[in-house]
Amino acid sequence: MSVQQDDGSAGTPDEPVGGRVFFSSVRRSLEVEDEILLISVGVDIGSSTSHLVFSRLLLERLDNRYVVSKREIMHESEVLLTPYAADQAIDAAALRMFIDEQYDKAKVDPRAIDTGALILTGVAVRRSNARAIADLFAAQAGKFVSVSAGDALETTLAAFGSGAAARSIREANRVMNVDIGGGTSKIAVCVDGAVVDMTAIDVGARILSFDSGGRVTRIEEAGRRYAAAVGATLVIGQPLDSGVRERIVEHMADRLFETMSSASLGSATAELLRLAAMKNTQAPDVITFSGGVSEYIYGRQSESFGDLGPLLARAIMSRVRAWGPRVEQPDQGIRATVVGASQYTIQVSGSTIFVAPMTILPLRNVPVITPQLPLEDEQLDVEQIAAAVRTALRRLDLHEGEQPVALCYHWQGAAMFARLDAFAHGIRAGLSALLERGHPLILVGDGDIGGLLGIHFQEEMKLASAIVSIDGITLKEFDFIDIGAMLELSGAVPVVIKSLVFPTSAAVGRVAA
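Going by the numbering used here, the letters in the sequence shown line up with residues 1 to 513, in that order.
None of these hints come from the bench; they were simulated from the model.
Among these hints, one or two may not hold up.
In silico BS3-like links for lysine-lysine, alpha-carbon gap of 27 Å or less [stated by the list, open to error]:
| no. | residue 1 | residue 2 |
| --- | --- | --- |
| 1 | 70 | 476 |
| 2 | 279 | 476 |
| 3 | 107 | 70 |
| 4 | 105 | 70 |
Please construct the entire structure, taking both the sequences and the accompanying hints into account.
Laid out in structure tokens, this is it:
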């Protein structure tokens, strides 16, 4: 974004010079227009497939904020089998050619993109791959929300992107979404719009790949494990008997179905899990499937791409049909984890805020966590608060402390010293992995105690970290925020909220309260 100076003269694009906030390249002010049209792009680069979605977003002013009132898909790219170089790293040059081709087909100049989201999953998250992929979007880095999705976040993204979370509200049902990709399967159970249980397992269509002659061209470690379980040996360049393929797929389907349905897993299944096992105390009412294999399950794809996809789709469906829950179509299948864009809303925080040192601002593209904090009781439990924070960090794969986060809380009860102190100690303990790495403490509340909390952390607890404690703002999971420098006349700070917008989901157009 760029900013116009108070005297009306303009700075260079993306150069902050004080004053009003503009979107890049088009000189449009968030302060003076009632409607703003943005062009956005969502990019999903994963272990097996990569694709893009281009959208137009119409933002309308609502009080002191903007909300998305209309979202139009301009272009959905083809689905590319993610290209690999000889060293098994993603082939960035081939990926660049694909991305450039999609921009041409969408008739969009990359310089015209206002905002977007780049989602990296599977092997794309690995450090060398992520760096090479980031270089492809370096010119637009300031406009993009970038998310490296680990297993927990990828599972959650699929649950929301597939429409399972929205369906659980709409139909008042317990909905399980099973996202079967190339390397892993992610299972999420949704109730009342929230993910209440999840796991991930090494089951996927491309753990083995074959050429047109049926010869093995790629073997993932999980593929070797499944082959060994059925007494088969895999050799690159050698054909694999169709009967052996089917035995491998049946074994995979058994492991996946056991993970979906059983409250007690055998060792053969448990050792394949990438997250903790699900509780599975209650069967779902509805099951939806997303990911690449879902295209076969719902008959949207019949062509084979040299992997186990068609066989795996048939095998898992034979088990699910005999189970009982009804199978429904998702809102999105293979594109479930593609985020269409970032929805922008802008708010101004309350004046009861605390920022120290002032040089910590501005902050940009900070992910938000919204822990379920136990704040109802008169006496607050420090360890329960810390545990809730750690759970929220883990849910979004932010628990290792590699980047700062903004913790959104809804204060309840009196702001007495003892309650504030317990709250502060619980937050510090829950965020210890981040604070120990030198990241700032960023707190966002919807009440008016931001300044009081900030002072408590600095004066009473002697917290060495930089502190940004603002209020009058409500955030949700999947939000990212920018916090601008303090406005001289008001003592407040502008906050831009970027919400990941899932295609056709209930999140589109939501208002940040």
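Hint check:
1. 70 with 476: holds (20 Å)
2. 279 with 476: holds (26 Å)
3. 107 with 70: Distance ~20 Å between residue 107 and residue 70 Cα, so the pair holds.
4. 105 with 70: holds (22 Å)
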